[in-house]
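Going line by line, the protein sequences match chains A and B. Residue numbering for the first sequence follows our numbering, beginning at 1 and increasing consecutively. Residue numbering for the second sequence follows our numbering, beginning at 1 and increasing consecutively.
Hints listed in this document are in silico derivations from the structure and should not be mistaken for laboratory results. The C-beta atom is built at its ideal place from N, Cα and C for all residues, glycine as well. Each hint can be trusted.
Which stretches of chain B does chain A cover? Using the computed rule of at least three CB atoms under 8 Å from a CB of chain A, they are:
| id | segment |
| --- | --- |
| 1 | 192 to 202 |
| 2 | 229 to 243 |
| 3 | 248 to 262 |
| 4 | 359 to 371 |
| 5 | 375 to 381 |
One side of the interface only, derived from the structure: several residues of chain B facing chain A at Cβ under 8 Å:
| id | residue |
| --- | --- |
| 6 | 224 |
| 7 | 347 |
| 8 | 384 |
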Amino acid sequence: MQAAMMEDFDLALDAKVRHFVEQEARLLDDRDFSSWLEMYTKDCVYWVPVSREQTSPRDGVAHFRDDYQIMLARTHRLLNPRSFSAEPPPVTCHVVSGVRIDEDAGDSLIVSSSQMVIEFRNRGRFEEDQRVFGGRVIHHLARNGSKFAITFKRIDLINADSSFNALAAPF
Amino acid sequence: MTSQSFLTSDIKHPTQNPASLVQNNHVHRAVYTDPQVFKLEMERLFGRAWIYLAHESEIAKPGDFVQRHIGTQGVILSRAKDGGIHAIYNRCSHRGATLCSFQKGNSPQGHQCPYHGWVFAADGRLKSVPSAKNYDGVFDKEKYKIQEVAGLESYRGFIFGNLSEDRPALTDFLGHMTSSIDDLVDRSPTGEVEIAPFVLRHHYRANWKMTFENLNDVIHPGFAHAASVVSAKHVAGQVGGPDALVPTLGMMMANGKPISFFQNIDMVTAPNGHSFIGGHMGADYSPNTQDAYTQSLIAFHGEEKARQVLGQDRHLTLMYPSSTWHARYQTIRIVRPVRHDLTEVIGFNVRLKGAPEETFENAVEYCTGANSAASPVIADDLEIYERCLEGNQWSDQDWIPMTRGLAEVREETDAFNRHPSTAEAFIRNQFKAWAHYMGEV
Numbered sequence: 001m002q003a004a005m006m007e008d009f010d011l012a013l014d015a016k017v018r019h020f021v022e023q024e025a026r027l028l029d030d031r032d033f034s035s036w037l038e039m040y041t042k043d044c045v046y047w048v049p050v051s052r053e054q055t056s057p058r059d060g061v062a063h064f065r066d067d068y069q070i071m072l073a074r075t076h077r078l079l080n081p082r083s084f085s086a087e088p089p090p091v092t093c094h095v096v097s098g099v100r101i102d103e104d105a106g107d108s109l110i111v112s113s114s115q116m117v118i119e120f121r122n123r124g125r126f127e128e129d130q131r132v133f134g135g136r137v138i139h140h141l142a143r144n145g146s147k148f149a150i151t152f153k154r155i156d157l158i159n160a161d162s163s164f165n166a167l168a169a170p171f
Numbered sequence: 001m002t003s004q005s006f007l008t009s010d011i012k013h014p015t016q017n018p019a020s021l022v023q024n025n026h027v028h029r030a031v032y033t034d035p036q037v038f039k040l041e042m043e044r045l046f047g048r049a050w051i052y053l054a055h056e057s058e059i060a061k062p063g064d065f066v067q068r069h070i071g072t073q074g075v076i077l078s079r080a081k082d083g084g085i086h087a088i089y090n091r092c093s094h095r096g097a098t099l100c101s102f103q104k105g106n107s108p109q110g111h112q113c114p115y116h117g118w119v120f121a122a123d124g125r126l127k128s129v130p131s132a133k134n135y136d137g138v139f140d141k142e143k144y145k146i147q148e149v150a151g152l153e154s155y156r157g158f159i160f161g162n163l164s165e166d167r168p169a170l171t172d173f174l175g176h177m178t179s180s181i182d183d184l185v186d187r188s189p190t191g192e193v194e195i196a197p198f199v200l201r202h203h204y205r206a207n208w209k210m211t212f213e214n215l216n217d218v219i220h221p222g223f224a225h226a227a228s229v230v231s232a233k234h235v236a237g238q239v240g241g242p243d244a245l246v247p248t249l250g251m252m253m254a255n256g257k258p259i260s261f262f263q264n265i266d267m268v269t270a271p272n273g274h275s276f277i278g279g280h281m282g283a284d285y286s287p288n289t290q291d292a293y294t295q296s297l298i299a300f301h302g303e304e305k306a307r308q309v310l311g312q313d314r315h316l317t318l319m320y321p322s323s324t325w326h327a328r329y330q331t332i333r334i335v336r337p338v339r340h341d342l343t344e345v346i347g348f349n350v351r352l353k354g355a356p357e358e359t360f361e362n363a364v365e366y367c368t369g370a371n372s373a374a375s376p377v378i379a380d381d382l383e384i385y386e387r388c389l390e391g392n393q394w395s396d397q398d399w400i401p402m403t404r405g406l407a408e409v410r411e412e413t414d415a416f417n418r419h420p421s422t423a424e425a426f427i428r429n430q431f432k433a434w435a436h437y438m439g440e441v
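So that you can see chain B by itself, here it is in the shape it has in the complex (with noise of 0.2 Å):
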């Protein structure tokens, strides 16, 4: 980054050694502005890493169906007459159509295409074509099944997709991960989870990765919410103080806690771009619901494991490039990179099987506060991606750094390193791996 000056590069073509994108803690903005090095992205890291597709219940009968995307690929996922799980591309094997225009459904029979009829398994088989004589020896049914994605497996229910043949073991790609989907597992007080049937979705015109870059960095609340601080101030004072406020209010003034307050808690970061925050951000509910809660709790796990399962204090976990999981409020994210500027966001809510309602309410505000457009946390955020997109079009500066907290380095393991929340280290973490997907050819 060096040859030319501090901020501009010789770099003319930024897909012919992408690895170079990455340099001495910084990273240059063709990563958010470049359709090419999106277009690598999607092979690459898209078609490399472990996707997040899926929690079992969605598609719970035999028929059920939902359609995903990994990277830019759609894909449906479905439950096969035999209870088996298949992921397959949602296209035809004839002409190309899609065959499936529904995000979810029921469809026992398969997929039928609406162009000439062909009529698909869940698995991708080719179980019949109308006319079939005309293709009378020129036609091998087995050749025309539908490639099915080359890994699928599950952890806790939740499924996967890995597009590459040479992949990692699930658990390996999420490591110190997995722990996370423990910790909104292990929070039913039947063992048991499932997704709410009602999901929302957002999007904004910018690079994916800004989500990610965004999620876990505590300094911006501070600036980027300060309105939202602002007005749940003010209202608190109508209301007879921060007390009286209800939880979506309680949320918009947390992003006024002190940078000392993020500076006492932890980030955790972990191999392929992993990462998570210690520290629930101020968004308490009623004592007596928890109360409920606890007791269910205690009377499936026991004292000791209901307490360890309570006292597992973790913000949001950020299970690159595909997912962010939120097991206190229930809630976990899709991230849908579309093109380099354009990024859908799925919010999902996860019921705990067997908890009081008031335990799935609690996770629909925050889920609602968390992943609507129409949130003042989330609608000013949105507004930030698409002004960083637009300023790292022009040309003056082409790095940009990720240098906050660089010094500071609480505990290295093999598994995970330790940080101060107020740390860039997650974004860093990012790229390391961004930059190893990227850089394979």
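Next up, chain A with everything else stripped away, as it sits in the complex (with noise of 0.2 Å):
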């Protein structure tokens, strides 16, 4: 880092963001649902691209492609014990490092962070049953005083052109 960087970093801004984004990935290995979808606006954008080149949603698949809509049918089924491929469900745990804020707009900003998550479904298949997903994640933040929302968030998975079996739990 930079000497005139270091004079304007903002511990505690860094703090509450790191702390934002631990939250978040908390929520989600406690599959709490609603509160993690608490954490979102209603105009929210969640995208797992295909590939790192990808530069908006619009431009073409994506294995998640999510609005708010999608996000509450997603995490509903996941509830539900008749959704297959959450049967049993997925859990996970989630391994957050390296959060850093990119761009400080004031009422925005934009933050970066590597995570990798295990995850388990106890299909009694042995080794099979545990994955591991790994990548740099973006979220773009609506800031209210101290107060945080996520209005974007892109995942971008190390093998993101790769071929994925079912993934029915969010990143």
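Two independent chains are provided; combine them into the complex using the hints.
Take a look at the structure:
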């Protein structure tokens, strides 16, 4: 980090943002989906592209290309025992690291982090039941004083262009 | 199948007489579980049928290539310098290393083997060998040309490959199903289409035929996808009713249509295992968009033809055994068999050149919902495919019925038969083709 940046470094803001990003991950691990959704704005976009070259959800297919409605349906499904790709349900462990404020425009922030998700579904298939995902996560946050809300989340999986088996749990 | 009992057979070696694995509208579980049957399928079915490879737009410029598979064999499909299209096996004729490790790219000078530097042209000709003098007097470059795929034909820009020297013309193989490709291309307001650059891949640990036997099965959604219907309804309740749902949730909701709805829709089966069902599945998109698009289509085709094109109400077309086509939402899937118990499905979006941007966005939304491993609908399908593989390994029952709607035939012609879409007629039709390919030595 350059000296000039160090002088401007807002330790308190940095800690709040890191806590916010970690909190989101923890709510997913706790399967507390209604609290998770409360972290998002109603016009949010949740996006897992198939390539780092994609610049907008409009430019092509994606693994997740969700708006608030789809997120609501997706998480509602995860709590339904007849949702077969989540029977038994996936449980996750997020590891969040390197949370960094890339842009601070006052009432909005762009934050990046490295995240790893270990996912397990007990289907009786030994090692196959546990998977590891990871990549760079970009959050666009709306800021109101010390409160944040997610307006946009992009997850660039390192294997975005790979082939996936069923993905029931959000990253 | 009745030699021992209704459920079990005395078939000990399924590959000895593979055609006998299909009997009396039942199929032996070995067709899904036996690696030897799969190996024979790769020779006799994927080695003989026309396999969809790519659209010409994917290799538009000289040197452009894509890597695809015919069955389990890797091929490189390229545009040569003279504009010609070639498909060669992805294998150096020296030590056998694969030449190409990228899914697509541009390589105007041909492909150089990473091992000893042999260079091959798009059509497989060996262009150069380093330290050629070591081969003085012992080497005939002509002899080491990489084999081209025996048959390569395209229909309206869509390229299919065939490994067999003894093959029908592509249009004879496709038969009535050429009309589904027409349906797709005619939707373009310029007469031109192109494949969009980003593709979606998913896979499952079960047999490739599961996809073909599931996609036009209209009874399963009400059960396998019931949770998606429940959740879509839950969201509808929160946002002010079903009309306020976004298209993806409309697709989830459509899985709850009553069986009577599907009973009124036709299923069309055709020779060589192909089929489609009429009637789109409830993923309605914004009428304003459709209006702008409709105007552009009328400008190109004239009113009568445009109406005819838009009036075509076909859901999925299954072109056995390699691809599925959805003209209305411009989506093509390649079904790629990897092992008897592993299958990859690759989803492509087709851009209708000259159509409003919203038309493409609708197609992207549909393709994502129909091909992402994270799609609530697809995820549940993959789970079911894998459960079928697991269950079909138990030995209590050998014969799997495909008898639904057996007595319901609406029309029989030389080109196609018509049934209610609720029938398993498309599965019977696939196995009729399967037994024919597999039985022929």
